Amino acid sequence: MPIAREFVDHQVHKRLPPHTGWLHVFGSLSLLAFVSQVLTGILLLVYYRPTTDEAHKSIQYITGEVHFGWLYRQVHAWGATLMIVAVTLHMARTFFMGAYKKPRELTWVVGVLILLVTIVFGFTGYLLPWNQLSYWATTVGTEIAGAVPGIGPELRTFMLGSENVGGETLSRFFTVHVIILPWALAFLVGLHLFFMRTQNLATLDPVGEERKYPPEAGIPFWPVHVAKESCVALVMLGVLITLSVTSPWEIGEPANPLETPEAVKPEWYFLPTYQLLKYFTGSLGKILGIAVSMVPFLLLLLWPFVDRSPARHPRRRPVATTLGVIGIVLALFFGVLGHLSETHRTFLGRTYEFDVYGVPRRAEPRPTPRSNEHAEPGHSRAQPEDEGQADLPDES
Amino acid sequence: MNPYGLATDQLAQYRTSGHGRALYQRQDERVAVCTDCHGTHNVMKADDPASPVHAKNVPDTCGRCHEDASLMGPSQLSTRVVAEYRRSVHGQGLLEQGDVGMPHCATCHGSHAAVPPGYRDVGHVCGRCHQQEEQHFLASPHAKFSMFPRCVGCHTPEGNARDHWIRRVAASPEVIRETYARLLDVHPGTRIDDPKTQAAFEARREPPVQQYETICLRCHHPRVRSAHRAFFSELDAQAAQSGATLYQLVRQAELSYAAATERVERVGRGVLLVTDEALLAEEMRTKLVSLAPIQHALNEEKLTQAVEELNALAEQVHTSLDDKVRGLRWRYWALLPIWSCIAVFVTALWVKYKQLKHALVAEGTG
Amino acid sequence: MTEAHDESRTTRRSFVDVVIGIGTAITSFAMVLPALAYLWPVTQSGLGKAREEVGDAATWTLWQARKVVVAGKPVLVVKTDKGYTAMSAVCTHLGCLVELDPVKRDVICPCHAARFDLQGEVTGGPPPRPLPLYQVSEVQGKVYVST
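Residue numbers (this note's numbering), protein chains in the order written: chain A, 1 to 396; chain B, 1 to 366; chain C, 1 to 147.
Chain A extracted, bound-state conformation (with noise of 0.2 Å):
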């Protein structure tokens, strides 16, 4: 059909202002990852079994007889990071430029929603693998629904399906993970890829005063932004092989209800939030915390309609930028502290315990313990296997 053939060809030609540069390749590594979880998710379904006899099993068989399987599951573990940092690095790229502005107030509030949805898609699928991590990092991680105001016990038994993580939840987060969001992320990124499509990306001009620029010299998506694109996917797809090889997720033993392991925490980027959430203590004080850690989002959502001056330029909008640098310091300064809580750590030759709160204290030095699942919550790595064993020091 011409039409047709004419709207694939424009789509394809059409050019980028000229500032166009490495730091635009996030959007498309986003959508890459997105397509990657949803082939390797696929590839994974065909054997994954979604019971709590059988979920355990299904991976030791998917990671020990499956042809290959072990490289789709690991490849989907470290897809689900790889999305997440895309994701974020494409929405700090966003920020700092001032592309959110007029005209593309929807762009960024659907792509805020984005963010939201694929960090469920992270929450649910971490329960599948049903091994002791899955099974308390969700467990610690719906705690906090029970506390919200008046519908909190009621909202975590349904987000459960029952009183306590069990069967019903492992379905329940598995039709979410598999059908809902799948869908809803793809109904949100075509939403989002027709507004940027339709728009164009923005230049760093102010609002209102965007220079028209020749079209000689705007860069063609094809074939140009693409081979750029490509190199950046292409070292992508390597870091996720390498990191499937190099230090891949475990199996885990199957989730005992009955047996918590120590200082279990939900993964690195929920680690912020929980992390602040500690400090809000008493039912009252849950309440507040509950609201304190969603006015980051909330902002992230409203800022278009909240930042209403027309600079672009990172450099013209100090107030904008210096606020974007301070909640990023903020994110991080909580995620680290988040990951060092209930941990013991030597540094330059001292050792300290943190608490709960991440404060720490200076303590006898502790020897690392073997096992890795205890230790490192998050992500547990499967050891190194063992070779060069190392003769007992003298015991007197």
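Note that these hints are calculated values from the structure, not bench results. Quick caveat: nothing in here was measured; it's all calculated off a predicted structure. Where hints are given, some of them may not hold.
What the hints assert, rightly or not - Straight-line distance between alpha carbons at most 30 Å, and here's what the computed BS3-like set of lysine-lysine pairs gives:
no., chain 1, residue 1, chain 2, residue 2
1, C, 104, C, 142
2, A, 57, C, 73
3, C, 82, B, 324
4, B, 302, B, 196
5, B, 354, A, 14
6, A, 212, B, 354
7, B, 302, B, 144
8, C, 67, C, 142
9, C, 82, A, 57
10, A, 102, A, 212
11, A, 57, B, 324
12, A, 102, A, 14
13, C, 82, C, 142
14, A, 212, A, 14
15, C, 67, A, 57
16, B, 144, C, 104
17, A, 212, B, 56
18, B, 324, C, 73
19, C, 104, B, 302
20, B, 56, A, 14
21, C, 104, C, 82
22, C, 142, C, 73
23, C, 67, C, 104
24, C, 67, B, 302
25, C, 104, B, 324
26, C, 82, C, 67
27, B, 56, B, 45
28, C, 104, C, 73
Could you slot chains B and C onto chain A? The hints should help.
Below, chains B and C without anything else, positioned relative to chain A:
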């Protein structure tokens, strides 16, 4: 009673018991009779949990008299026996863990007779359940000596035949695994053939391991005063040596088992399937538990053979795991060609990008 | 001279194009082929397959026992004069693996002398419960055990 199929020899048996002999031969009425244990109008079946002769209630029933100093005083019987029994491995099993397969007072001392039918004395009753141990013991050099104190001679803290506090001797495989796990926490990567490892392993065992030789030395030591020593004193050195060897063999086997099982568990938690190795580990466990009875033969060859079988299984486990782990190596090697291809491809794309940009985008931009 | 220059530029460009073409092909294959291998069924050990092959019927002598893992649990399979019988190999007392006693033709546990008959019932020793039985069948010369 015969239409009901019930035994009728209880009285005859009772007459042979300590209580019966005191009553019938010495007319001493300060003994337990039928109603003292079974009740009067409230007689219940023995398997009724409320019955005073139900397994779990027997120690209390006997203790009513045997823990009472005023009652035991005249016969000069110890009032500590029931308390000792409660702390013993059998008492704990019966009263705390509810295992009614555990022996209670009547199991060893006979329900009505002095000993269960067919046994010479209480010291010989152990073999009723610990059949393997008795079988092996009968093949040992001690079996032919009638004055050898049998089981209680070694399995009580001081060799006192009247000590009812029989303690758990062999550590369960689970305890062994836990001990080894704790050892690894402190010294990851230890080698089990390193003697320091063995020392550290023993130091961490809860309850602590009792040294073989100390038990052998209860009799096989020059300073022991016993009339019987004349018969075996020249075997002292050999006995102590033998004890030490047997001890080493068992500790070695425990470490071997613990190391193999720990490795199977750890590898299985990672990214490999270990079903076959897990089955081998189960077989090792069985072999380990069977070492305890074999020791009673006090035969180094027999024990060595059993330990070697266990070690052979461990060897199989380790070889199999080595193979699997080595198979993972090729994945690392595959990264080389993959990254080379990526590097070449990315370079080509980069060059192409530059060319296209030069050709399609007007100068003075980007 | 301009022509030669043009030609060399064309050759350079084409070389890069060729490399990109090969790269694309390799990447595509590298993504599709493992996926196809992944989807190829892993026969002999499908998940949830609670049926395990124990061995050939022909090489199995009478009163010989073999152990096999079915659905993660060890199973003892014995060829008796009345056919095959399979029961859990885990002694219900303290978990040791049982064996066949070829002399008495019953099942014995080496740990505390527990005895079971060929239907898994306890005939002696401390075990509180009988050994659960498994289904055995012989199909086309091979013996299979299933739950």
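Here is what the structure says about each hint:
Between residue 104(C) and residue 142(C) the CA atoms are separated by roughly 27 Å; this keeps the pair inside 30 Å, and the hint holds. Distance hint between residue 57(A) and residue 73(C) is fulfilled; the C-alpha atoms sit about 14 Å from each other, no more than 30 Å. A distance of roughly 40 Å separates the Cα atoms of residue 82(C) and residue 324(B); the hinted pair therefore is violated under the 30 Å criterion. Between residue 302(B) and residue 196(B) the CA atoms are separated by roughly 26 Å; this keeps the pair inside 30 Å, and the hint holds.
For the proposed pair residue 354(B) and residue 14(A), the alpha carbon gap of about 18 Å is at most 30 Å, so the pair holds. Restraint check: the Cα-Cα separation between residue 212(A) and residue 354(B) comes to about 24 Å, which is no more than 30 Å; the hinted pair holds. With a C-alpha separation of about 19 Å, the suggested pair residue 302(B) and residue 144(B) falls inside the 30 Å cut-off, and the hint holds. Distance restraint check for residue 67(C) and residue 142(C): the Cα-Cα separation of roughly 15 Å lies within the 30 Å cut-off, and the hinted pair is therefore satisfied.
With a C-alpha separation of about 36 Å, the suggested pair residue 82(C) and residue 57(A) falls outside the 30 Å cut-off, and the hint is violated. The hinted pair formed by residue 102(A) and residue 212(A) meets the criterion: a straight-line CA distance of about 16 Å does not exceed 30 Å. The hinted pair formed by residue 57(A) and residue 324(B) meets the criterion: a straight-line CA distance of about 19 Å does not exceed 30 Å. Distance check on the hinted pair: residue 102(A) and residue 14(A) sit about 21 Å apart at the alpha-carbon level, within 30 Å; holds.
The straight-line distance between the Cα atoms of residue 82(C) and residue 142(C) is roughly 17 Å, inside the 30 Å bound, and the hint therefore holds. Of the supplied pair hints, the one linking residue 212(A) and residue 14(A) holds, its CA atoms being roughly 15 Å apart against a limit of 30 Å. A distance of roughly 22 Å separates the Cα atoms of residue 67(C) and residue 57(A); the hinted pair therefore holds under the 30 Å criterion. Pair hint residue 144(B) plus residue 104(C) holds up; C-alpha atoms about 28 Å apart against a cutoff of 30 Å.
Only pairs whose Cα atoms come within 30 Å are accepted, and residue 212(A) paired with residue 56(B) is rejected, the gap being roughly 94 Å. For the given pair, residue 324(B) sits about 21 Å from residue 73(C) by alpha-carbon distance, which is consistent with the 30 Å threshold. Of the pairs offered as hints, the one joining residue 104(C) and residue 302(B) holds, with about 23 Å between alpha carbons and a cut-off of 30 Å not exceeded. This hinted pair does not check out: residue 56(B) and residue 14(A) have alpha carbons roughly 87 Å apart, beyond 30 Å.
Of the pairs offered as hints, the one joining residue 104(C) and residue 82(C) holds, with about 16 Å between alpha carbons and a cut-off of 30 Å not exceeded. Only pairs whose Cα atoms come within 30 Å are accepted, and residue 142(C) paired with residue 73(C) is accepted, the gap being roughly 20 Å. Between residue 67(C) and residue 104(C) the alpha-carbon distance is near 19 Å, which keeps this suggested pair within the 30 Å criterion. Simply put, residue 67(C) and residue 302(B) have alpha-carbon atoms about 25 Å apart, close enough for the 30 Å limit, and the pair holds.
For the hint linking residue 104(C) to residue 324(B), the alpha-carbon distance of about 40 Å lies beyond 30 Å, and the restraint is violated. A distance of roughly 19 Å separates the Cα atoms of residue 82(C) and residue 67(C); the hinted pair therefore holds under the 30 Å criterion. Straight-line distance between C-alpha atoms of residue 56(B) and residue 45(B) comes to about 13 Å, which keeps the hinted pair within the 30 Å bound. Distance restraint check for residue 104(C) and residue 73(C): the Cα-Cα separation of roughly 26 Å lies within the 30 Å cut-off, and the hinted pair is therefore satisfied.
Of the numbered hints given earlier, the model fails hints 3, 9, 17, 20, 25; all others are met.
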